[in-house]
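With the sequences and hints as input, model every part of the structure.
Here the protein sequences line up with chains A and B, keeping their order.
Using the working numbering, read the first sequence as starting at 3 and increasing by one per residue.
Using the working numbering, read the second sequence as starting at 6 and increasing by one per residue.
Heads up, some of the hints might be wrong.
[Unchecked claim] DSS-like mimics (lysine-lysine), calculated; alpha carbons at most 30 Å apart, straight line:
| hint | chain 1 | residue 1 | chain 2 | residue 2 |
| --- | --- | --- | --- | --- |
| 1 | B | 381 | B | 115 |
| 2 | B | 181 | A | 48 |
| 3 | A | 20 | B | 455 |
| 4 | A | 44 | B | 445 |
| 5 | A | 44 | B | 435 |
| 6 | B | 137 | A | 44 |
| 7 | B | 396 | A | 48 |
| 8 | A | 4 | B | 445 |
| 9 | B | 323 | B | 11 |
| 10 | B | 202 | B | 174 |
| 11 | B | 407 | A | 15 |
| 12 | B | 174 | A | 48 |
| 13 | A | 48 | B | 455 |
| 14 | A | 20 | B | 89 |
| 15 | B | 185 | A | 48 |
| 16 | B | 445 | A | 20 |
| 17 | B | 11 | A | 44 |
| 18 | A | 15 | B | 77 |
| 19 | A | 44 | B | 455 |
| 20 | B | 47 | A | 7 |
| 21 | B | 92 | A | 44 |
| 22 | B | 407 | A | 44 |
| 23 | A | 44 | B | 170 |
| 24 | B | 89 | A | 44 |
| 25 | B | 185 | A | 44 |
| 26 | B | 407 | A | 20 |
| 27 | B | 77 | B | 455 |
| 28 | B | 92 | A | 15 |
| 29 | B | 137 | B | 396 |
| 30 | B | 11 | A | 15 |
| 31 | A | 20 | B | 77 |
| 32 | B | 11 | A | 7 |
| 33 | B | 381 | B | 174 |
| 34 | A | 20 | B | 145 |
| 35 | B | 328 | A | 7 |
| 36 | B | 407 | B | 11 |
| 37 | B | 455 | A | 4 |
| 38 | A | 44 | B | 202 |
| 39 | A | 48 | B | 89 |
If you are wondering where the hints come from, they were derived from the structure by calculation, not from laboratory data.
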Amino acid sequence: MKHVKTINHANLKESAVKGGCGECQASCQSACKTSCTVANQKCENKNK
Amino acid sequence: MIHQYKLNGYNIVLDVNSGAVHIVDDLFYDMLGCLDEQLTEKCPDWLFQRFEQGHTRQEIEETYQEIFTLHKADQLFSSDDYDKFAKMMVPSPVKAMCLHIAHDCNLRCKYCFADSGEYMGHRELMSAEIGKAAIDYLIKYSYGRHNLEVDFFGGEPLMNFDVVKEVVKYARSLEKEHDKLFRFTITTNGILLNDDKIDFINREMSNVVLSIDGRKEVNDPMRPHVDGRGSYASIIPKFQRLVEKRRNGQFDQYYVRGTFTKFNKDFANDVLHLNSLGFDQISVEPVVADPSAPYALTEQDLPEVFAEYERLADIMVKRAGTKEDFNFFHFMIDLDQGPCAIKRLRGCGCGNEYVAVTPSGDVYPCHQFVGHTDWKMGDVFSQSLDFERKKQFASATVYGKKECKNCWAKFYCSGGCNANSMQYCGDILKPFQLSCELEKKRVECAIMIKAATL
Numbered sequence: 003m004k005h006v007k008t009i010n011h012a013n014l015k016e017s018a019v020k021g022g023c024g025e026c027q028a029s030c031q032s033a034c035k036t037s038c039t040v041a042n043q044k045c046e047n048k049n050k
Numbered sequence: 006m007i008h009q010y011k012l013n014g015y016n017i018v019l020d021v022n023s024g025a026v027h028i029v030d031d032l033f034y035d036m037l038g039c040l041d042e043q044l045t046e047k048c049p050d051w052l053f054q055r056f057e058q059g060h061t062r063q064e065i066e067e068t069y070q071e072i073f074t075l076h077k078a079d080q081l082f083s084s085d086d087y088d089k090f091a092k093m094m095v096p097s098p099v100k101a102m103c104l105h106i107a108h109d110c111n112l113r114c115k116y117c118f119a120d121s122g123e124y125m126g127h128r129e130l131m132s133a134e135i136g137k138a139a140i141d142y143l144i145k146y147s148y149g150r151h152n153l154e155v156d157f158f159g160g161e162p163l164m165n166f167d168v169v170k171e172v173v174k175y176a177r178s179l180e181k182e183h184d185k186l187f188r189f190t191i192t193t194n195g196i197l198l199n200d201d202k203i204d205f206i207n208r209e210m211s212n213v214v215l216s217i218d219g220r221k222e223v224n225d226p227m228r229p230h231v232d233g234r235g236s237y238a239s240i241i242p243k244f245q246r247l248v249e250k251r252r253n254g255q256f257d258q259y260y261v262r263g264t265f266t267k268f269n270k271d272f273a274n275d276v277l278h279l280n281s282l283g284f285d286q287i288s289v290e291p292v293v294a295d296p297s298a299p300y301a302l303t304e305q306d307l308p309e310v311f312a313e314y315e316r317l318a319d320i321m322v323k324r325a326g327t328k329e330d331f332n333f334f335h336f337m338i339d340l341d342q343g344p345c346a347i348k349r350l351r352g353c354g355c356g357n358e359y360v361a362v363t364p365s366g367d368v369y370p371c372h373q374f375v376g377h378t379d380w381k382m383g384d385v386f387s388q389s390l391d392f393e394r395k396k397q398f399a400s401a402t403v404y405g406k407k408e409c410k411n412c413w414a415k416f417y418c419s420g421g422c423n424a425n426s427m428q429y430c431g432d433i434l435k436p437f438q439l440s441c442e443l444e445k446k447r448v449e450c451a452i453m454i455k456a457a458t459l
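Structure follows, in structure tokens:
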């Protein structure tokens, strides 16, 4: 494509189907404790 | 739903439901601004008329076809299929615990949400007995979950460090029998750090959060000792020593973590200052406070704060890949390997996957609810847990919050902080708009950095 560059390959919808194992870190346990950000957490699903 | 914005010379388009991020040229960007999800295969005539000045018919046709192709591939104006998942959200095992090892503190930070450690109660240290009961509680309610997190928090947890050590030892002794892996973290102001404590922390804690606001003239007025002296001079060498020793250890994750307020809206200078001291994992966050507090950020401050986030993002782009490169917690984003949509729907997990335990053994939805006694949801003595309350929090998903459901940033912030919502909007389902605006700006900056550093 000439007019657009897509910079990621993951599809969030697909992750919904195999997701939800819950082994990842709770967001407030990383550094924030006051302002929630979830998208910067790592996925730890071994079966995706 | 899409979100399009221009930043630092980039035209950026987010497709909210698929998570796709596109960098586009001006014609694509402007054309997209005129379209919605009702796309036809053939380029409509009115688009040719709209863009005929400065563009050939072929360019317009070609650009439209790229938009249409991405739409067909479900990467632009993709459908919202998440309602069915949101309806499936049920209470989950408890996997994370904030252990309030000390409701006491040796600093008197002006903006402390914990009421200088007292949490609207009284000064109190957790006993080893309560700490161990809390570990038993976490094991019990984590059911089949393997990875468990315990954050030693306060107040100031180093004021009760012998209990920290005892609790860690106790939890480790149960890992094998219960097939659990404990990940410990600690949040400290550093005043009481010494080599023994540093070595223990670096050996046992997978992450350590070191509290400092940045420049001396910013840190000291907001983070004084009980007698009013500033804390900067005594903690900097201790934090540097901890980080230096940590570089060679089993765990290398840490953050120097500060708070910015109305008094330092040039907070990028604090981030840069911390970096100049040798720290490369940095988090500096907006204060969350009652709007009447003199240091509180208000809506009027947003333009300045937004400009400062943009300035910081630009600096990070310029430093990327150099020796001065550093990580800023709120600009971290992984567009390919980040959390699954279920986690993003579920949000922070407080009161459901995450709980806080006070020194007297009371269980609350999270550290920020502690002291709000209406929200108490159990205790570690009787191992009780209010399952109705837990269910309420499990339902507090992005799709359970009206304002969030239609927000483009919903899968990045995941509904925001329930405690902020409760405190400032009176309802865990009503997001605190000031926090929302800040979060959206951070997400825009984070994605721009990704685009610029490909």
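Take the C-alpha atoms of residue 15 of chain A and residue 77 of chain B, compute the straight-line distance between them, and say whether it is at most 30 Å.
15 Å, holds
Proposed proximity, residue 11 of chain B with residue 407 of chain B (alpha carbon, max 30 Å)
Between residue 407 of chain B and residue 11 of chain B the Cα gap is close to 27 Å, so the pair holds against 30 Å.
Checking one constraint from the list: CA of residue 20 of chain A to CA of residue 77 of chain B, max 30 Å. Satisfied?
23 Å, holds
Does the structure keep residue 44 of chain A and residue 202 of chain B at a Cα separation of 30 Å or less?
Holds: residue 44 of chain A and residue 202 of chain B sit about 28 Å apart, inside 30 Å.
For a C-alpha distance cap of 30 Å, please report whether residue 181 of chain B and residue 48 of chain A respect it.
Judged against 30 Å, a Cα distance of about 20 Å means the pair holds.
Residue 381 of chain B and residue 174 of chain B were given as a pair; does the straight-line alpha-carbon distance stay at or below 30 Å?
Holds, at about 28 Å.
Residue 20 of chain A paired with residue 89 of chain B [C-alpha distance capped at 30 Å]
Judged against 30 Å, a Cα distance of about 14 Å means the pair holds.
Hint consistency between residue 445 of chain B and residue 20 of chain A [alpha-carbon to alpha-carbon, up to 30 Å]:
Measuring from Cα to Cα gives roughly 27 Å; hence the hint holds.
Is the Cα-Cα distance between residue 92 of chain B and residue 44 of chain A 30 Å or less?
Holds, because 24 Å separates the two Cα atoms, which is no more than 30 Å.
Under the criterion that the straight-line Cα-Cα distance not exceed 30 Å, is the pair residue 328 of chain B, residue 7 of chain A satisfied?
29 Å, holds
Take the C-alpha atoms of residue 185 of chain B and residue 44 of chain A, compute the straight-line distance between them, and say whether it is at most 30 Å.
19 Å, holds
Given the hinted pair residue 11 of chain B and residue 44 of chain A, is their alpha-carbon gap at most 30 Å?
Measuring from Cα to Cα gives roughly 27 Å; hence the hint holds.
In terms of the numbered hints stated before, the structure departs from none.
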